[in-house]
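Trainee: Below, each chain spelled out in residue letters.
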Amino acid sequence: MKRSEPLSESYYYILLCLAKGANHGYGIMQMTHRLSGGEVNIGSGTMYGAVSNMMKKGWIQEILVENPGQERRRLYQLTDAGLTVLETEIARLRRMLANAGEV
Amino acid sequence: MEKQQKKVRNSYRRNSAQSTEELLRALDQASAEGWQLVKVGSFRIHYKKDPNARYRYQMDCRSVDDWERYQAFFREQGWEHVCSSLGGAHFFRKPWDPSLPEEAYEIFTDLESRQQFRSRLSKGALLCCIASALNAVIYGSFLLEKYNIPDLCRALCWALGAAWWGWRVWNTRHPDPARKKRRVWSAVLSILTVLVMLASLGGMLWG
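Chains A and B supply the protein sequences, listed in that same order.
Counting along the first sequence from 1, when you hit position 88 you're at 88 in my numbering, and nothing is skipped either side.
Position in the second sequence counted from 1, then plus 1000, gives you my numbering.
Simulated from the structure, these hints should not be mistaken for laboratory data.
Certain hints may be false.
[Unchecked claim] To spell it out: a stretch of chain A is covered by chain B in this simulated footprint if at least three of its residues, at any positions, have a beta carbon under 8 Å from a beta carbon of chain B; those stretches are:
hint, stretch
1, 7–15
2, 41–48
[As the list claims (entries may be wrong)] A few chain A residues facing chain B, derived, Cβ under 10 Å:
hint, residue
3, His24
4, Gly25
5, Tyr26
6, Gly27
7, Met29
8, Val51
9, Glu71
10, Arg72
11, Arg73
12, Arg74
13, Gln77
[Claimed, not checked] From the derived model, a few chain A residues whose C-beta atoms are all more than 12 Å from chain B:
hint, residue
14, Gly21
15, Lys57
16, Pro68
17, Leu83
18, Glu87
19, Ile90
20, Ala98
Ideal Cβ placement from N, Cα and C applies to all residues, glycine included.
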C-alpha cells in the first residue's frame, strides 16, 4: 500500500469523531474537545476547510436531515475510503508510539 | 438623535495579513467603544452606534462553495456573519465575554488552515506582483531595442510596483507580531514608489 501523508490533528480528530457514527459539525467540535481533554479545539474556519476538503477526497459524506418547521440538519458520515485513511493513521501513530518505547 | 445613531467611519482597508490583523483589532476596539460594524467596503468601514453590545471580530477569506454549510459551522460556534466584501472576505462577530480565553475567538486552530488562509489572502497581491513584473520586463525589452527616457520611467515604475506587491505577499505569508522593522520597510518602499512615480511622470512629460 502506498504510504499516505500523516493527517493534521484536525483531520484526524474529525475522522475519529465520525468513526462512531454520523455527527453534525458542532457535535464533532464538542467531541474533539472532550476526547482530547480540552487540548484540541477546531475553529469554524478550520472545520469548514477540513470538511470541504475531506468531502472532495471522498473520505466523508454529507447527509441532509429534513426537520419539519426547522432548519435542515447536516450530518457527516465516514465513507469506506475515510475509514481506511483513519485506520492507516492510527496504525502509523501506534508504530511511532511503539518506536518511542523501544528507545 | 438620528445623526448620533447613524455614523459612518471611514478608513482605508489594505488587503494584507498585517493590515487584516490591524483591521480586526480596530473593529474590536471600535466595538468596545460602542461602534458596531455594519459593512466593510473597499475603502470605508461602516459602523452603527450600539453602546450596549461588545463583540470580537474575525475574518475569513475564501470563495465559498456551500454558503449554508459555511454559515452553519460559524453559527454553531457562536459566530454571526456581519458582511462580506467583493474580494471574498467574510466578517464574523461573537459577543465578547471576558471569562472566555483568547482561543475561544480563533477561527483557524491549526497551522495548515492558518497557512492556507494567508495564502488565499495574498493571492490578489501575488497576481498584481506578477502583472507588474511582466510590464517591467516588457518596457525593459523596449529599452534594449532603443534607449529612451519614457520607457525607462515606465520600466522603473512597474519594477518598483512589482517589488511593492511582492513585499505585501511576503508580509502576508510571514506575519511578524513585532512588525516594527516591517513598518519601516513598508514606509520606505511606499515613499520610494511615490517618488519614482512622480519622477517618472516628470520624465515621461519631459521625454
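Trainee: Each hint needs a verdict: does it hold in this structure or not?
Mentor: Structure-based check of all given hints:
no.	hint	verdict
1	7–15	holds (count 3)
2	41–48	holds (count 8)
3	His24	holds (8 Å)
4	Gly25	holds (5 Å)
5	Tyr26	holds (4 Å)
6	Gly27	holds (9 Å)
7	Met29	holds (7 Å)
8	Val51	holds (8 Å)
9	Glu71	holds (8 Å)
10	Arg72	holds (9 Å)
11	Arg73	holds (9 Å)
12	Arg74	holds (6 Å)
13	Gln77	violated (14 Å)
14	Gly21	holds (18 Å)
15	Lys57	holds (14 Å)
16	Pro68	holds (18 Å)
17	Leu83	holds (22 Å)
18	Glu87	holds (22 Å)
19	Ile90	holds (19 Å)
20	Ala98	holds (26 Å)
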